[in-house]
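Peer 1: In case you want the letters, here they are:
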Amino acid sequence: MQLTLNVNGKDHALDVEDDMPLLWAIREHVKLTGTKFGCGVAQCGACTVMVDGQPVRSCVTPAADVKGGRIVTIEGLDGPEARAVQDAWRAIDVPQCGYCQSGQIMSAVALLAENPKPTDADIDAAMTGNICRCATYVRIRQAIKDAAGKLKE
Amino acid sequence: MTIVSPSLDRRALLRGAAATGAGLVIGLQLPLQARAQSGAAKVISSGEAAPLGGFAPNAFIRIAPDNTVTVLIKHIEFGQGPYTGLATLVAEELDADWAQMRATAAPADTALYKNLAFGMQGTGGSTAMANSYEQMRKAGAAARAMLVEAASKAWGVPAGEITVENGLIKHAGSNKSGTFGAFADAAAKLTPPAEPKLKSPEQFKLIGTDLAKLDTDAKTNGQAIFTLDVMKPDMLTVLIAHPPRFGGVATAVDEADARKVKGVEDIKIIPQGVAVYARDFWSAKKARDALKITWDESKAEKRSSSELLALFREAAKQPGKKSAERGKMPSGDGIRTIEAEYVFPYLAHAPMEPLNCVIEYSDGACSAWYGCQFPSIDQAAIAQVLGLKPEQVSITTLLAGGSFGRRATPNADIAVEAAAAAKAYGRKRPLRVVWTREDDIKGGRYRPMNVHRIKGAIDASGNIVGWDETIAGQSIVEGTPLASMMKDGIDPTMVEGAEDLPYDIPNLRVGAAKMDVGVPVLWWRSVGHSVTGFSTETFIDELLTLAGKDPVEGRMALLGKHPRHKAVLAEVARMADWGGKVPEGRARGVAVHKSFNSYVAQIAEVSKGEDGVPRVLRVWCAVDCGLAVNPNVVKAQMEGGIGFGLGAVLHDAITLDKGVVQQSNFDDYRSLRIHEMPEVIVSIIKSAEPPTGVGEPGVPPIGPAVANAWAKLTGTRLRQLPLSAKAV
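Read top to bottom, the protein sequences are chains A and B. Take the first sequence: its position 141, counted from the start at 1, is 141 in my numbering, and no numbers get skipped. Remember, my numbering sits 1000 above the position in the second sequence when you count from 1.
For reference, chain A alone in the conformation it holds in the complex:
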């Protein structure tokens, strides 16, 4: 089917299968590869993107369902929360293998946009859908707190 997706502020006319998940449309047709495939069943969060400001698991969301929506991937992430989160991530070297980190960062930015002063429990609740097999969780938690602190300033 013919489909136009707005990704990172730009329209992309695509010819994809009706039921193709957004993840594969973004990765293999729009050719933005920062969004990752980890499980295909919305269990790991590596594929998280924003659709109209909300975090979405792109591996189980049909691309056709988000036609007309504003899709933002890690490559198009911007704004004060995004900058604070990415700076905090860099400052304490959060990533190890790095494969899940785009999804982690998308979830963290979504959390801070909703809740600028998250508690530990808020962080756990918002981030528990994002698996990191390297278990960088200690630093993810710290970086989110650091980013929240910076946003307050």
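If a hint is listed, it holds; no wrong ones were tucked in.
Once the Cα atoms are required to be at most 27 Å apart in a straight line, the calculated DSSO-like pairs of lysine-lysine come out as: (1) K1581/B x K1549/B; (2) K1260/B x K31/A; (3) K1285/B x K1260/B; (4) K1262/B x K67/A; (5) K67/A x K1285/B; (6) K31/A x K1232/B; (7) K1428/B x K1262/B; (8) K31/A x K1262/B; (9) K1455/B x K1549/B; (10) K1455/B x K1328/B; (11) K1232/B x K10/A; (12) K1487/B x K1328/B; (13) K31/A x K1285/B; (14) K1423/B x K1285/B; (15) K1285/B x K1428/B; (16) K1561/B x K1487/B; (17) K1608/B x K1581/B; (18) K1428/B x K31/A.
Here are some chain A residues the structure puts well away from chain B; computed CB gaps all over 12 Å: (19) T4; (20) N6; (21) G9; (22) K10; (23) D11; (24) V51; (25) Q54; (26) D65; (27) K67; (28) G68; (29) R70; (30) G79; (31) K117; (32) G149; (33) L151; (34) K152.
Since the hints were made in silico from the structure, they are not lab data. Note that CB positions come from ideal geometry on N, CA and C, so glycine has one too.
Following the hints, position chain B against chain A.
Peer 2: Just chain B, lined up with the frame of chain A:
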């Protein structure tokens, strides 16, 4: 180290560059103070070559006229830090400015890039830093000496009066200075010194500091290129239907429905299963789901976990093949004995990036781009499948989304499968072979199932006087190209961490019972130590408790010959204030274990979770890994090792029902999640000893520390993993 002449090495470099001409070389700019400056760090990809060329003093360093220093890293980067660590060693001896450093993957070339601990090119056993420590420093020192010699000739001043600091070559007397780039061409004409002088540790400026990791920026903005991100014109995606039982073989396929899926280009039976070639992942997946395959399962493993467990249990009751023995198990008056059985399940590695490989084959040459952990083995294996010579196979190693052992296969599984898919396709076209998560969880090469049976003896005075243990497990290396690792008929990966029990126990026997099962097995982060660390450290804890001794003091008293074990144990006890007040409803357990020449002690603080599973709140960790080249990376590896180990200990098992794996994805093969991650406090023992591994040694102590805390909290000794399940 191998010093090759610059001219010869340029040819090697060109080979490498040609193989990566499509822009798959990843160069990472290294910011230091500059890390906050915008644009300081980037991944060089898609069409751009890494800034190579100019002065090539040896196989590891390229100094370009633009003043960049590129280090060719012979170890795969999957988060454990070799890009940063090995570049640090070079920068230290070169007296480079960290901001001018670059790192990129070395090509597959055993002669130049072998792991000095293995004799072949490959990463594993937490050896990346240990085997490179002197080699990379010598490479840097040789390059420095040649740059200084070039400056000395140009300026007409004695080399001994020239200094190098932060990437600047200076002669104070004549007030002359120059960059590395300015002398690159002149230095390239000189002969490398045979034995360059190395710094003494007190002269180090970069080694031992928390230099920012080279790959962090790219892994924070989505620019890091993993195998799944490689895009080549006209590339097809290949998904392979594997047999439902290990050892099954596809004999026929009804492809009518699969052929109807839009985007499908071809379908072939290959030795590994049935390959579907399609224009994208989704088409390939839909078509694969529509295949109707006939499998020959006459040689397949068809037993269930319960049957296998019964056999392992029986074998663990026998002595097994002798691995260690001193004295004789005491008995008689005043001797108390206890006996315990430990059960460990098969475990999948489940790296975040499932296995994959981009391959292109035609006209007597093959190129592959992927997270290759054993280049020597993979290169030979691809060559064999395709009827090529190894040197006709180029491999570009990319960043990998985790491994935990999975990408280090003695029989090169993903490489061989990709080569088989390319051969069957038969036309020149880039192919990307991709595994799904289900392929990964069901696809085998698991940490072996194990049953350990240990008898312990305590005399009338409360001394531990006997230890008799049999380990029933599978061999990882037997029958593979790494079979030479076998020692006296025993696979050392079965008994490591048990046969070398550090405690002063006068009578000890360890035996190994090798089980023949058709489930393919593999090293899983910390290998044999992932099971022996658990059984030995929980059993010693049980014996000490029975003897009325404190777990820390009791261990100390038995570690007379092992000062480094004692030092980490003392440090972790100090950090946690062992013996001090513990919050209500919680208890603490300790464990200490040496693996891969590093020593780690951990104390876990545990409460009862809502679901009856231990909830781990805090972990203190002391590590002695020799000199910590980058303490921040060491800490990160301890944190990660604890989280990785804890997830498996709490939740994970791969089980078989009549040979079919029952788990399939992260819903039924859990990973630790953030709400289960304890606070982690790490202390690194100050040491001038050469560096040892950190990727694996953080894993073994966490399970026993948690189980020992649980025993203190509840009185129940946990001896079957995972702690949460009735699994296995």
